[in-house]
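J.: Using the hints, position chain B against chain A.
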Amino acid sequence: MKKDLYDYDRTNYISSTVPDNLKIGHFNIIGKNVQIGDNVRIDNYVVIDDNVVIGDNVWIGNWTHLRPGVQIGDNSEIRDWCYIALNVKIGKNTKICQKASIGQFIQIGNNCFIAPGFSSANTKHIQHKRTILDYAIEIPIIEDNVRIGTNVTVLPGVIIRMESNIGAGAVVTKSTESYGVYVGNPARKIKEVPIGDRVCL
Amino acid sequence: MLIGDYSIIDWSALKCGGGVSVGDYCKIEKDCSIGNNVIIMDYVKLMPGTLIGNNCQLDDYVNTSGYCIIGNNVRIKRCTMIGQACKIEDDVQIMSHVTTCRLKDANKEKEDWVIIKKGVIIGSHACILAGVTIGEGAIIGAGAVVTKDCEPGKTYIGNPAKELIK
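Taken in order, these protein sequences are the chains called A and B. At position 159 of the first sequence the residue is numbered 159 (my numbering), and the sequence of numbers has no breaks. At position 132 of the second sequence the residue is numbered 132 (my numbering), and the sequence of numbers has no breaks.
Hints listed in this document are in silico derivations from the structure and should not be mistaken for laboratory results. No residue lacks a Cβ here, since even glycine has one placed at the ideal position from N, Cα and C. Please note that a few of the clues may not be correct.
Facing chain B, according to a computed beta carbon distance under 7 Å, are these residues of chain A, among others [what the hints assert, rightly or not]:
| no. | residue |
| --- | --- |
| 1 | Thr-17 |
| 2 | Phe-27 |
| 3 | Asn-28 |
| 4 | Gly-31 |
| 5 | His-65 |
| 6 | Asn-185 |
With a cut-off of at most 20 Å between alpha-carbon atoms, the simulated SDA-like pairs for lysine to any residue come out as follows [unchecked claim]:
| no. | chain 1 | residue 1 | chain 2 | residue 2 |
| --- | --- | --- | --- | --- |
| 7 | B | Lys-104 | A | His-26 |
| 8 | A | Lys-191 | B | Lys-104 |
| 9 | A | Lys-189 | B | Gly-158 |
| 10 | B | Lys-162 | A | Val-171 |
| 11 | A | Lys-23 | B | Ile-8 |
| 12 | B | Lys-104 | A | Lys-23 |
| 13 | A | Lys-95 | A | Ile-137 |
| 14 | A | Lys-189 | B | Lys-30 |
| 15 | B | Lys-104 | A | Val-193 |
| 16 | B | Lys-104 | A | Gly-25 |
| 17 | B | Lys-30 | A | Gly-25 |
| 18 | B | Lys-87 | B | Thr-133 |
| 19 | A | Lys-23 | B | Asp-10 |
| 20 | B | Lys-104 | A | Ile-190 |
| 21 | B | Lys-148 | A | Gly-184 |
| 22 | B | Lys-30 | B | Leu-14 |
| 23 | B | Lys-104 | A | Gly-196 |
| 24 | B | Lys-110 | A | Asp-197 |
| 25 | A | Lys-95 | A | Asn-39 |
| 26 | B | Lys-30 | A | Gly-184 |
| 27 | B | Lys-118 | B | Asp-91 |
Extracted from the complex, chain A is given alone in its bound form (with noise of 0.2 Å):
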């Protein structure tokens, strides 16, 4: 038996003005007062909520899911099965891989590399049923050129500074330095980027 995808209502449930040039998948749901960029790529099952800027040449990935107030640069890539929080900022040319969840308020930075199934923290009090007046919220601020291996957990108020790498599996509890290179539970600098890989000096 084979069952397309025509057999079904390809309707995307769109409540904001989008422009023309938007490739847009089937089965998204996109909220009001969305603002979206030229040339931006939607893929299936995307749910975008209210309020929510997206720059030019964005590209985000099936099943993921913005919050209201999230802004993304230009040509900032998301994709598959991120779950974006509330008000997070987005710089240009970051590519966050699949499976990330950003909590509330988060900032990051331009031209970073986030790679599959990143986490983070934004506050110690961990609650069911909380909202954000509730507690001080300590929030991590990932800064530009970063560079983040698989499954890193990272835990409130860390700063990660410009163009510092964290290895795969790591989770960074205290602030990093720039250029440094951590690895490991909780993590530890190992060494500095070789000058030569740096992006700026």
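T.: For chain B alone, coordinates are given in the frame of chain A:
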């Protein structure tokens, strides 16, 4: 072949065996090959060039990037991400949230194959870095980060993964 709701399947050049079941919201791209009696659950994404053998089971949210080869009787649990250039042999069990990488250096585009040999068991949240070969019957503990080749029949744990000496 049973297909769930809202799945998007590219039928061009899809080779599919008998008794295959595909869940809801799946996305299967072109040039995939699926063997007999394979169970694919919900939200699974198979990228172009995925070859799957017989009697496999892929749980929810499993993602295979292009050009990976999966053998017979393989069980892959939830949220596992199989990167590009990965070869998984027969009777392998992979737990949830495992990732495999394809590039040793993010600046270079040369792929290094990850090879997981027969009968390997990989614990949940393990990362397998590019170019690693895991020997026959080895066991990788939960949360391990495998940076070097693993010898057959031994157990590796920790970050970076080291042999467990009993």
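J.: State for each hint whether it applies.
T.: We went through each hint and held it up to the structure:
Violation of the interface hint for Thr-17 (chain A) is found here, the shortest Cβ-Cβ separation to chain B being roughly 26 Å, above the 7 Å cut-off. Checking Phe-27 (chain A) against chain B: minimum C-beta separation of about 6 Å stays under 7 Å; hint holds. At its closest, the beta carbon of Asn-28 (chain A) sits 12 Å from a beta carbon of chain B; the interface hint therefore is violated under the 7 Å criterion. Hint status for Gly-31 (chain A): violated, given a least beta-carbon distance of 20 Å to chain B, over 7 Å.
Taking 7 Å as the C-beta contact cut-off toward chain B, the hint placing His-65 (chain A) at the interface is violated, the least distance being around 12 Å. Against a cut-off of 7 Å between C-beta atoms, the interface hint on Asn-185 (chain A) holds, since the closest Cβ of chain B lies about 5 Å away. A threshold of 20 Å between alpha carbons decides the hint, and for Lys-104 (chain B) with His-26 (chain A) the separation of about 35 Å lies outside it, so the pair is violated. A C-alpha spacing of about 17 Å is found between Lys-191 (chain A) and Lys-104 (chain B), which places the hinted pair at or below 20 Å, so the restraint holds.
For the proposed pair Lys-189 (chain A) and Gly-158 (chain B), the alpha carbon gap of about 17 Å is at most 20 Å, so the pair holds. Of the supplied pair hints, the one linking Lys-162 (chain B) and Val-171 (chain A) holds, its CA atoms being roughly 18 Å apart against a limit of 20 Å. A C-alpha spacing of about 17 Å is found between Lys-23 (chain A) and Ile-8 (chain B), which places the hinted pair at or below 20 Å, so the restraint holds. Straight-line distance between C-alpha atoms of Lys-104 (chain B) and Lys-23 (chain A) comes to about 32 Å, which puts the hinted pair past the 20 Å bound.
Of the pairs offered as hints, the one joining Lys-95 (chain A) and Ile-137 (chain A) is violated, with about 25 Å between alpha carbons and a cut-off of 20 Å exceeded. Between Lys-189 (chain A) and Lys-30 (chain B), the direct Cα distance comes to roughly 43 Å. Violation of the 20 Å bound is thereby established for this hinted pair. Restraint check for Lys-104 (chain B) and Val-193 (chain A): satisfied, since their Cα atoms lie roughly 15 Å apart, inside the 20 Å limit. The straight-line distance between the Cα atoms of Lys-104 (chain B) and Gly-25 (chain A) is roughly 32 Å, outside the 20 Å bound, and the hint therefore fails.
Straight-line distance between C-alpha atoms of Lys-30 (chain B) and Gly-25 (chain A) comes to about 16 Å, which keeps the hinted pair within the 20 Å bound. At most 20 Å may separate the alpha-carbon atoms for a hinted pair to count; Lys-87 (chain B) and Thr-133 (chain B) meet this at roughly 9 Å. About 18 Å separates the Cα atoms of Lys-23 (chain A) and Asp-10 (chain B), which keeps this hinted pair within 20 Å; it holds. Taken as a hint, the Lys-104 (chain B) and Ile-190 (chain A) pair is honoured in the structure, with Cα atoms around 17 Å apart against an allowance of 20 Å.
Distance restraint check for Lys-148 (chain B) and Gly-184 (chain A): the Cα-Cα separation of roughly 15 Å lies within the 20 Å cut-off, and the hinted pair is therefore satisfied. Using a Cα cut-off of 20 Å, the hinted pair Lys-30 (chain B) and Leu-14 (chain B) holds, with the two alpha carbons roughly 6 Å apart. Restraint check: the Cα-Cα separation between Lys-104 (chain B) and Gly-196 (chain A) comes to about 17 Å, which is no more than 20 Å; the hinted pair holds. Simply put, Lys-110 (chain B) and Asp-197 (chain A) have alpha-carbon atoms about 17 Å apart, close enough for the 20 Å limit, and the pair holds.
A C-alpha spacing of about 17 Å is found between Lys-95 (chain A) and Asn-39 (chain A), which places the hinted pair at or below 20 Å, so the restraint holds. Restraint check: the Cα-Cα separation between Lys-30 (chain B) and Gly-184 (chain A) comes to about 38 Å, which exceeds 20 Å; the hinted pair is violated. With a C-alpha separation of about 6 Å, the suggested pair Lys-118 (chain B) and Asp-91 (chain B) falls inside the 20 Å cut-off, and the hint holds.
Of the numbered hints listed earlier, those contradicted by the structure are 1, 3, 4, 5, 7, 12, 13, 14, 16 and 26.
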